[in-house]
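Student: Assemble chain Z onto chain E, guided by the hints.
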Amino acid sequence: MIFFQSIRMAMTSVIGNKIRSFLTMLGIIIGVSSVILVVSVGRNFTNQITGQFDGLGTNQLMVSIMGMGVTSSLTYEEVDAFSQLQGVDLVSPTISGSATAKSGNRHTDASLEGVTPNYRPLKNYQLRAGRFLLDIDSQYRQAVAVLGSEVASKLYGAGNPVGQDVRLNGIPFKVVGVLQPKGSDLSGSNDDKVLIPIATAERFLQTKGIQSFVVKAVNRQDVPSVKAQLEAGLNHKFKNHPEAYNVFDAQEMIESSEKTSAMMSTALASIAGISLIVGGIGIMNIMIMSVNERTREIGIRKALGAKKSNILMQFMFESIVLSSFGGLIGIGAGIGLTSLASKLLGNPIDYAWDIVLISFLFSFFIGLVFGISPAYKASRLRPIHALRTD
Amino acid sequence: MSTEPLIRMENLQHGYTMAGQRTLILQGISFTIDHGEFVAIIGPSGSGKSTLMNMIGCLDLPNEGNYLLDGQNVRKLSDNRLARIRNEKIGFIFQNFNLLPKLSAIENVELPLIYRGVSYRERKRNAEEALIKVGLQERMHHRPNQLSGGQQQRVAIARALAGQPPLLLADEPTGALDPKTGKEVMSMLQSLNAQGHTIILITHDLEIAEQAKRVIRIHDGQVAEDRRIEL
Chain E
0 MIFFQSIRMA
10 MTSVIGNKIR
20 SFLTMLGIII
30 GVSSVILVVS
40 VGRNFTNQIT
50 GQFDGLGTNQ
60 LMVSIMGMGV
70 TSSLTYEEVD
80 AFSQLQGVDL
90 VSPTISGSAT
100 AKSGNRHTDA
110 SLEGVTPNYR
120 PLKNYQLRAG
130 RFLLDIDSQY
140 RQAVAVLGSE
150 VASKLYGAGN
160 PVGQDVRLNG
170 IPFKVVGVLQ
180 PKGSDLSGSN
190 DDKVLIPIAT
200 AERFLQTKGI
210 QSFVVKAVNR
220 QDVPSVKAQL
230 EAGLNHKFKN
240 HPEAYNVFDA
250 QEMIESSEKT
260 SAMMSTALAS
270 IAGISLIVGG
280 IGIMNIMIMS
290 VNERTREIGI
300 RKALGAKKSN
310 ILMQFMFESI
320 VLSSFGGLIG
330 IGAGIGLTSL
340 ASKLLGNPID
350 YAWDIVLISF
360 LFSFFIGLVF
370 GISPAYKASR
380 LRPIHALRTD
Chain Z
5 MSTEPLIRME
15 NLQHGYTMAG
25 QRTLILQGIS
35 FTIDHGEFVA
45 IIGPSGSGKS
55 TLMNMIGCLD
65 LPNEGNYLLD
75 GQNVRKLSDN
85 RLARIRNEKI
95 GFIFQNFNLL
105 PKLSAIENVE
115 LPLIYRGVSY
125 RERKRNAEEA
135 LIKVGLQERM
145 HHRPNQLSGG
155 QQQRVAIARA
165 LAGQPPLLLA
175 DEPTGALDPK
185 TGKEVMSMLQ
195 SLNAQGHTII
205 LITHDLEIAE
215 QAKRVIRIHD
225 GQVAEDRRIE
235 L
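If you're matching them up, the sequences are chains E and Z in order.
For what it's worth, the working numbering labels the leading residue of the first sequence as 0, then goes sequentially.
For what it's worth, the working numbering labels the leading residue of the second sequence as 5, then goes sequentially.
The shape of chain E in the complex, shown without the other chains:
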């Protein structure tokens, strides 16, 4: 009974002083909304980075050869030998370059990659039409190509390119397959590629040997040992010159960037959290004023039979209503700002709902904690003194 009355009285008082209430809540509003914004955007950022590296595969090691002296690459056989290492699933060497692809009067610039059949399972490509490259294509240096979906649609529109000819820098290749679209990752678009057999590419791009390849471990746990074995092998090959090669672990990168962005989010959220505390102090300030201003009201209520607890509750509720109301507005503002940020950044952002809940509870408790002292003071006023005040 008295409980609901206290809430009603608190609402009446908060609504009765609209501007003052709003200004008092502002600290909480800013605090809550910025915590929500910062955490949502921060998490989105982390996910984006993780997602991009995920495209690279978490149990993969990327090896690039810078070379030393006259040895600037590995032979196909040397690379293939790494597939015998303990814990290695497959090895996929790549020779990359670029070429102008032409069909009829349409042409486009594409990134050209000489690959082995292992490339497809490693990169997780699906075929839309035709077949992928085979070992035999490489053995006989066949002039065949598999097109990325973007290249295929640029050159052939909606038609089926399989079986047709494509000219790469003027040299005719036969299209044997088209890949499903895959989107972009850190290394750029996955769909503007033209894949040809690695031996064909070696000749076509006039390179010698392999300068980069990907090693896929059977399990994530195998990655460190595979990395160590690879480094040992390469170190041997390049006679203790570690600057001649680089073994890159995507997962390591993911973890360190996740750590960094989590630290950033926490730091920013803590700063925003401080503004919640400041908001709480603002509420306490207003509550002290409110108690002083309403001394006579307290006296009247006490004369009419209000107990200490009634007065305590009335002012506690007022403080809690102020802060939780501020919290709710802050949540609205935070969600609004986050969706605005998502529009500006051009990608959908998941709202940090757990933070929404936590910041609401936090604002509730701020009202509770910062309201106690003024409310207690109000409840202890003696009726004769309170009634005498004007």
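It is possible that some hints are incorrect.
[Said to hold, decoys possible] Computed cross-link-like contacts, DSS-like style, restricted to lysine-lysine with a CA-CA straight-line distance of at most 30 Å: (1) LYS106(Z) with LYS184(Z); (2) LYS137(Z) with LYS17(E); (3) LYS342(E) with LYS258(E); (4) LYS153(E) with LYS181(E); (5) LYS307(E) with LYS181(E); (6) LYS342(E) with LYS307(E); (7) LYS376(E) with LYS307(E); (8) LYS101(E) with LYS207(E); (9) LYS376(E) with LYS80(Z); (10) LYS128(Z) with LYS307(E); (11) LYS17(E) with LYS307(E); (12) LYS128(Z) with LYS17(E); (13) LYS106(Z) with LYS137(Z); (14) LYS217(Z) with LYS184(Z); (15) LYS217(Z) with LYS137(Z); (16) LYS106(Z) with LYS376(E); (17) LYS181(E) with LYS342(E); (18) LYS258(E) with LYS215(E); (19) LYS106(Z) with LYS307(E); (20) LYS307(E) with LYS80(Z).
[To be verified] Restraint-style ranges between C-beta atoms, simulated for each label pair: (21) GLY200(Z) with GLY331(E): 54 to 60 Å; (22) PRO183(Z) with PHE3(E): 42 to 48 Å; (23) MET10(E) with ASP38(Z): 44 to 50 Å; (24) MET10(E) with GLY200(Z): 35 to 41 Å; (25) ASN100(Z) with MET10(E): 25 to 31 Å.
Worth flagging that the hints you see were computed from the coordinates, not collected in a lab.
Quick reminder that beta carbons are idealized off the backbone N, C-alpha and C, glycines included.
Tutor: Frame of chain E; chain Z shown alone:
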């Protein structure tokens, strides 16, 4: 009516210590007031009548002596028990009305019932009845600042009546009103007394006091005179 008086004061003493100086304001006051009486307590300012009113209204406790209200000694009661006694036994009528400005007339009248824990429906009904009794049925939802002084004092009287306390305690109820409205308020108090309400009126105005049935004059913290007015 019970044979025990509504109010029994026994050698009430009260004082303040200010700057190390002890000032005795009530110097042993004794009297009894029965149910159904209409008593005016009169005295010049500084006589101690306001302090006495605070004692009667259980807003303050005496240093010495006993005060029995409706058979209950309030001397050693806790703050919460005192709040309950104020709520159940006393209806206050103040000089400056002391209505809450943000509440409507009926909400003001409901206040003592809220603190008593009366249900919403019953509270509304009691408050309406009280407002009808003081002739304000048309103005129930007006705020105090939309009412004249006389009307505000009538709201305050309705508030005092709503909880049906055995005692109405009026502190200079006409002090802030013009003579004509003051007269109306006085005749309302008289008719309430005629209906059986016990009324204690605190005033410094002898003319007002003469409209009660008994006058207790306080001087220098003591009862200087206690007389019944013959009609």
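Student: Each hint needs a verdict: does it hold in this structure or not?
Tutor: Here is what the structure says about each hint:
Restraint check for LYS106(Z) and LYS184(Z): the C-alpha separation of about 28 Å stays at or below 30 Å, so the hint holds. Annotation: proposed proximity of LYS137(Z) to LYS17(E) is violated, straight-line Cα distance about 36 Å (limit 30 Å). Only pairs whose Cα atoms come within 30 Å are accepted, and LYS342(E) paired with LYS258(E) is accepted, the gap being roughly 26 Å. Proposed proximity of LYS153(E) and LYS181(E) is supported: the alpha carbons are some 16 Å apart, at most 30 Å.
Our distance criterion of 30 Å between C-alpha atoms is broken by LYS307(E) and LYS181(E), whose separation comes to about 69 Å. Straight-line distance between C-alpha atoms of LYS342(E) and LYS307(E) comes to about 52 Å, which puts the hinted pair past the 30 Å bound. For the given pair, LYS376(E) sits about 10 Å from LYS307(E) by alpha-carbon distance, which is consistent with the 30 Å threshold. With a CA separation close to 26 Å, the supplied pair LYS101(E) and LYS207(E) stays within the 30 Å bound.
Under the criterion of a C-alpha separation no larger than 30 Å, the hint pairing LYS376(E) with LYS80(Z) is consistent with the structure, at around 23 Å. Our distance criterion of 30 Å between C-alpha atoms is met by LYS128(Z) and LYS307(E), whose separation comes to about 25 Å. With a CA separation close to 27 Å, the supplied pair LYS17(E) and LYS307(E) stays within the 30 Å bound. Simply put, LYS128(Z) and LYS17(E) have alpha-carbon atoms about 28 Å apart, close enough for the 30 Å limit, and the pair holds.
In summary, the hint linking LYS106(Z) to LYS137(Z) is supported, as the alpha carbons are separated by about 23 Å, within the 30 Å threshold. Distance restraint check for LYS217(Z) and LYS184(Z): the Cα-Cα separation of roughly 21 Å lies within the 30 Å cut-off, and the hinted pair is therefore satisfied. Distance check on the hinted pair: LYS217(Z) and LYS137(Z) sit about 22 Å apart at the alpha-carbon level, within 30 Å; holds. Restraint check for LYS106(Z) and LYS376(E): satisfied, since their Cα atoms lie roughly 22 Å apart, inside the 30 Å limit.
For the hint pairing LYS181(E) with LYS342(E), the CA-to-CA distance comes to about 23 Å; that is within 30 Å, so the pair holds. A distance of roughly 24 Å separates the Cα atoms of LYS258(E) and LYS215(E); the hinted pair therefore holds under the 30 Å criterion. Distance restraint check for LYS106(Z) and LYS307(E): the Cα-Cα separation of roughly 21 Å lies within the 30 Å cut-off, and the hinted pair is therefore satisfied. Among the hinted pairs, LYS307(E) with LYS80(Z) is consistent with the structure: their alpha-carbon atoms are about 17 Å apart, no more than 30 Å.
Remark: the range hint 54 to 60 Å for GLY200(Z) to GLY331(E) is upheld by a beta-carbon distance near 58 Å. Against the hinted window of 42 to 48 Å, the Cβ-Cβ separation of PRO183(Z) and PHE3(E) comes to about 44 Å, which satisfies the hint. With their beta carbons about 45 Å apart, MET10(E) and ASP38(Z) fall inside the hinted range of 44 to 50 Å. A beta carbon spacing of about 40 Å between MET10(E) and GLY200(Z) agrees with the range 35 to 41 Å that was offered as a hint.
A C-beta distance of roughly 27 Å is found between ASN100(Z) and MET10(E), which places it inside the suggested range of 25 to 31 Å.
Hints 2, 5, 6 from the earlier list are contradicted by this structure; the remaining hints agree with it.
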